[in-house]
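Residue numbers (our numbering), protein chains in the order written: chain A, 1 to 364; chain W, 1 to 364; chain X, 1 to 364; chain L, 1 to 364.
Take these hints with a grain of salt, some might be off.
Just so you know, same-sequence chains aren't split out, so a pair can sit in one copy or run between any two.
What the hints assert, rightly or not - Straight-line alpha carbon distances no greater than 25 Å define the calculated SDA-like cross-link-like pairs of lysine to any residue that follow:
(1) K75 / D224
(2) K139 / Q12
(3) K139 / G95
(4) K107 / G85
(5) K107 / D302
(6) K107 / Y315
(7) K139 / E114
(8) K107 / D272
(9) K107 / F82
(10) K139 / R219
(11) K107 / H246
(12) K107 / E348
(13) K139 / G27
(14) K139 / V74
(15) K107 / L244
(16) K75 / R248
(17) K75 / G85
None of these hints come from the bench; they were simulated from the model.
On a predicted model such as this, the values are computed, not experimentally measured, just so you know.
So you can see what is in the structure, the chains are spelled out below.
There are 4 protein chains.
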Amino acid sequence: MPTAVIMPAPHQPLETRACEMPALPPGGVLLETLFSEVCGTDVHLWHGRLAGVPYPIIPGHVSVGRIAAVCGTVKDIEGQPFREGDTVAFLDVHGSCGRCFYCTVAKATTRCPERRVYGITFSAGEGLHGGWATHITLKPGTRLLRLPAGLDPAAYIGGGCGLNTAFHAVERAAVAMADTVAVQGAGPVGLSCVAFARLRGAGTVICLGAPADRLELAREMGADVTIDITQRGVDERLREVRALTHGRGADVVIEATGQPGAVAEALHLVRDQGTVVIVGQYTDAGEITVNPHLDINKKHVDIRGCWGSDFSHFYKAIAMLGRHHRQIPWRRLAERQYGLADAQRALEDVAALRVPKAVIVPAP
Amino acid sequence: MPTAVIMPAPHQPLETRACEMPALPPGGVLLETLFSEVCGTDVHLWHGRLAGVPYPIIPGHVSVGRIAAVCGTVKDIEGQPFREGDTVAFLDVHGSCGRCFYCTVAKATTRCPERRVYGITFSAGEGLHGGWATHITLKPGTRLLRLPAGLDPAAYIGGGCGLNTAFHAVERAAVAMADTVAVQGAGPVGLSCVAFARLRGAGTVICLGAPADRLELAREMGADVTIDITQRGVDERLREVRALTHGRGADVVIEATGQPGAVAEALHLVRDQGTVVIVGQYTDAGEITVNPHLDINKKHVDIRGCWGSDFSHFYKAIAMLGRHHRQIPWRRLAERQYGLADAQRALEDVAALRVPKAVIVPAP
Amino acid sequence: MPTAVIMPAPHQPLETRACEMPALPPGGVLLETLFSEVCGTDVHLWHGRLAGVPYPIIPGHVSVGRIAAVCGTVKDIEGQPFREGDTVAFLDVHGSCGRCFYCTVAKATTRCPERRVYGITFSAGEGLHGGWATHITLKPGTRLLRLPAGLDPAAYIGGGCGLNTAFHAVERAAVAMADTVAVQGAGPVGLSCVAFARLRGAGTVICLGAPADRLELAREMGADVTIDITQRGVDERLREVRALTHGRGADVVIEATGQPGAVAEALHLVRDQGTVVIVGQYTDAGEITVNPHLDINKKHVDIRGCWGSDFSHFYKAIAMLGRHHRQIPWRRLAERQYGLADAQRALEDVAALRVPKAVIVPAP
Amino acid sequence: MPTAVIMPAPHQPLETRACEMPALPPGGVLLETLFSEVCGTDVHLWHGRLAGVPYPIIPGHVSVGRIAAVCGTVKDIEGQPFREGDTVAFLDVHGSCGRCFYCTVAKATTRCPERRVYGITFSAGEGLHGGWATHITLKPGTRLLRLPAGLDPAAYIGGGCGLNTAFHAVERAAVAMADTVAVQGAGPVGLSCVAFARLRGAGTVICLGAPADRLELAREMGADVTIDITQRGVDERLREVRALTHGRGADVVIEATGQPGAVAEALHLVRDQGTVVIVGQYTDAGEITVNPHLDINKKHVDIRGCWGSDFSHFYKAIAMLGRHHRQIPWRRLAERQYGLADAQRALEDVAALRVPKAVIVPAP
């Protein structure tokens, strides 16, 4: 009998419950969960900061599992059927309609109004649609990928949801070979941004964040320079980035912090005619002041918002992970593991920034 | 003997003076000025709002004239020598170094630190380097173009400095066929943005500005819809733009106002995953507040600052003017003409927004 | 009782037959055909030059009709239901899978292997899936658009399938304001390329083609210069294009001819670092010789193949047509109309290039 | 007294001569040559296959040296003066005019008609303007860069002229993270393409070339798979590349061979909607046949010629070399060294493909 963690409502204690094993519809897939994760979004969910969430929910939007059952034939992108026993990951975003203006004309499926997300916008009553559970039921049409040969599921969950987000951000930043890239933030998204900026050929990667052990991890993932924001003020940080760039500022700045103030700082850290990608502002944490003359017009700068990710990011990010997981320690982001019974503690550890990410291991 | 208008210092009355005819260096060109213009930048100069201006200066950064003398051989872009009597315009930006990081690696010559501008960054003591004068002396290396056959110099000065700026802005906006483009501002830059958005294949061009007669001109230049900002509040404007775009907002917004608040409004007027170009913030007029979550990250928007213009914009903008001046009434922006002796009044008329642009006609 | 024209097999005479009115599946739409068209592809079909065609078929891939019945609710891109009596066009391409590498990762849905095309890849036994018939049954998921208000269906069919193809080609060419664009071919695709190049802001549009009346039409659709290829040899054409471009060649060349030799000529007509789009080679008409040093490497040229079109091209092309059909005489391409009984003659007239396009008017 | 190798005319034996030490003009720089190189272009020069070469010449277009004298002040891109003793490289391309259509409007300086190249388009009578000499005199305006700290000049010359060319090709290919990149050719350009494709984040890099020891070097420089073209026929190669790419072909193919037939093969190796860069066809080695329907139009492919390189490529390529020379064995391309007296043998060894590159060490 499956067991799942339920988030009944914002600020309410999590509950662990036994559930019925749901019937699979044709095209559905049942997973035994190997790992799921607790990320900043789950903290936002618990604080009630996301709109349109149908509490109670089973959290856990990015997970990896082993196929326990397939109803009918479900094929991968190459037309090969999935089999019981396959180790798979799935894109948390589901149900982009393929018919609206954003899906068909703008080709920006992450803005499709019908898009739903496992672990976030499915009610617990609809099925096992979140990863903090022994089993996950995937609806027909869910985008599944087998893990590349040799890739440990723990390394995958170390990347987790931040992997896709960071891949999209670095692609949107159009990092060019020899660029100086400043990444603001040393959480899971920031750390993967560091890794992808390095893999894409950045000349110098600078990570601005805290605490010290995450910056150590940032260096292992590819940062040439780290700046501890608890030790250096805004002016000092700016001076340091300029000193590394002949006084000009970074070619690319990627904001991955969740702090609105970082956006204003990004506009100072970037050089004239550089690029700033804003990927860390997933909830409304307040406003900032900007000087449009000095910060935008005269600088001739590009500022690019970056929301969500689509299957292409997921597909390529997993390919990169499969290729480089031996050199880049994504696995270390998955070091802190918790059972289902400890999900509340996991959530609080992430909320308190005690760990960059908490991994849920549902197996008994 | 040449006569020139001198701006001795910010807030000081303009003076009209007879000057020595300067000697031309090899490669220099002497023009008899046909028309020069008074634009918003000249008002900023008079208010002392630009840094690094070596007062006293001869204002007038964009002008058109007839070649009175060439020292040696000066060739056009096709290798044809300029001759006395040719009617020519010139790029106001001069002296980009061709050696610095911005000129050679970033390929953003408008950020070259050695760049100077006729009518702005040359002291009156250096020569006749501004257009509010009967003669202009052009330094060796100045970028000159003959006006296309059939193009009246008055139509050219009607476009004036706003022509290049607007061309650059519309190119940077990457307006696509069938896009809805909202242009904020109905001054010379905004009006030319309307024209170029139309010429580039926009589906619907909306101009938000004032007063009514400029909006009438905007419609003649290609706007399908105009919104009078003195008659409609911010919320009404937003509703109206959304009503024209199936509730989504404009595909592209081009800010050409000089008002910082317009930048914040632009972020509301644009649709998700749309593009905002900021080209109207040429001086520091203050700060705005922005919500990075709602306005940038979640919207997946592109915001692009746009500073100055280079020879490619000048070359192509003049080609477009030559091709389309019969259909698009750039000439009407040049309707208000003033002699040198009336330059003070011209400046005040522009400052008071009584005219979109004042044209200086130096000939007696 | 519906009547349809059947193409039984390559080179076999067309037949006109009464058919059963098919039952609509949920999501299906029944149209009364207003106009369909005979284009070069239909000639290829009749000559057996396309692979994978399930003869017998009802030809007619692009059509416009009036909705006679809707099974259930079918909504447009904005979520508005279609109603009986709506005048609609539909994208001939149907069934791109949304799951394969090309649909999801490469984002090139025109290369989806599951893609089918009305009037081409549906057997007559499957239903009324071609436009040379009084009625058309559209399968669930077909992409429908209402014609813009004021747009005559005859103007739409004048654009027809060439409209989408040309829109895609001009977008892929990335025509920039003031570019010189040479369009090879004065058939339906070439003529719409001329129109869209003009609407996108080309400086000079040159059309190379024949016969004289089509070149006359090309001028009405926006060509500044036409070159009759029956009057001028290859060398003369090249000299003429260079004479119009300061000796350099065109910034953009769009090949829309069906003749392989035009591709080699395009590489000579284009300037160094220019762009060539190949959109006219829809069937295998043979090989050409190219000199990779002179024609590609040293020229630093971009050559872009352009296959099919997707819903975004269809959506935007119709928007452009709705906006500009009064100025640009697309309607004139629809002047030659034929009843169903005359479909054989229509096909032969197109095959013999006696008309640029034949329009089928199925109504009695 | 300087000593230089003279190539008197095509097919004539090289001569080694003592020369006068030339006077430096203001802005000129005198180098003591550390290393110069013999590349395929030098073989072409000796075979008389390049147009416009003013024999006799001093060959050697890419070199590295130590500054022996500076006439006046010559500054680097950051404004720092060069000093005697600095170890510097220089861009072989000199004299792009900065005024023509290609320099200013098209922004394609490699197509500037006034562009000259050290070691190729300067006559020996004009000065020591080639690298096969103990000293090199650099004209005012030559683009110089100090080698990054820690970078051995031998590693730089191992990259040599192929470094810039390959950097440009990989940038023009727009290699994306996780792409499969097939590089045709295992000469200096091909090997550096392998390295840069790897550094830019390619998923799988395939090198097709010969002989076996160069393919071994390709693997050390970053190729995942090598295919020996002396062991596998064209069909086998195609099957192998398809087998590595789910039957589709490579996302990107970079042709760097000098063999026209490789261009035709590239069009088969690439997947639909992929990108082919042609960078190996620097001289006219003949024509190929292409099927425009199958190879270009239906494939929806991008083919990009790539000619020369500019200062931005040189600047960034050296930055990448400085960053990665410890991991990527560019130095090994510089293993075969020859004195000035052995230049003839060096040239013949390169012509016979006995070495990928011959390094000239002029010091006694």
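Okay, the hints, checked on the actual structure:
{"no.": "1", "hint": "K75 / D224", "verdict": "neither (42 Å within a copy, 28 Å between copies)"}
{"no.": "2", "hint": "K139 / Q12", "verdict": "neither (28 Å within a copy, 49 Å between copies)"}
{"no.": "3", "hint": "K139 / G95", "verdict": "both (9 Å within a copy, 21 Å between copies)"}
{"no.": "4", "hint": "K107 / G85", "verdict": "neither (35 Å within a copy, 30 Å between copies)"}
{"no.": "5", "hint": "K107 / D302", "verdict": "both (20 Å within a copy, 15 Å between copies)"}
{"no.": "6", "hint": "K107 / Y315", "verdict": "both (17 Å within a copy, 13 Å between copies)"}
{"no.": "7", "hint": "K139 / E114", "verdict": "both (15 Å within a copy, 22 Å between copies)"}
{"no.": "8", "hint": "K107 / D272", "verdict": "between (30 Å within a copy, 11 Å between copies)"}
{"no.": "9", "hint": "K107 / F82", "verdict": "between (28 Å within a copy, 23 Å between copies)"}
{"no.": "10", "hint": "K139 / R219", "verdict": "neither (39 Å within a copy, 43 Å between copies)"}
{"no.": "11", "hint": "K107 / H246", "verdict": "between (39 Å within a copy, 17 Å between copies)"}
{"no.": "12", "hint": "K107 / E348", "verdict": "neither (38 Å within a copy, 40 Å between copies)"}
{"no.": "13", "hint": "K139 / G27", "verdict": "both (7 Å within a copy, 22 Å between copies)"}
{"no.": "14", "hint": "K139 / V74", "verdict": "both (11 Å within a copy, 24 Å between copies)"}
{"no.": "15", "hint": "K107 / L244", "verdict": "between (38 Å within a copy, 21 Å between copies)"}
{"no.": "16", "hint": "K75 / R248", "verdict": "between (50 Å within a copy, 18 Å between copies)"}
{"no.": "17", "hint": "K75 / G85", "verdict": "within (15 Å within a copy, 41 Å between copies)"}
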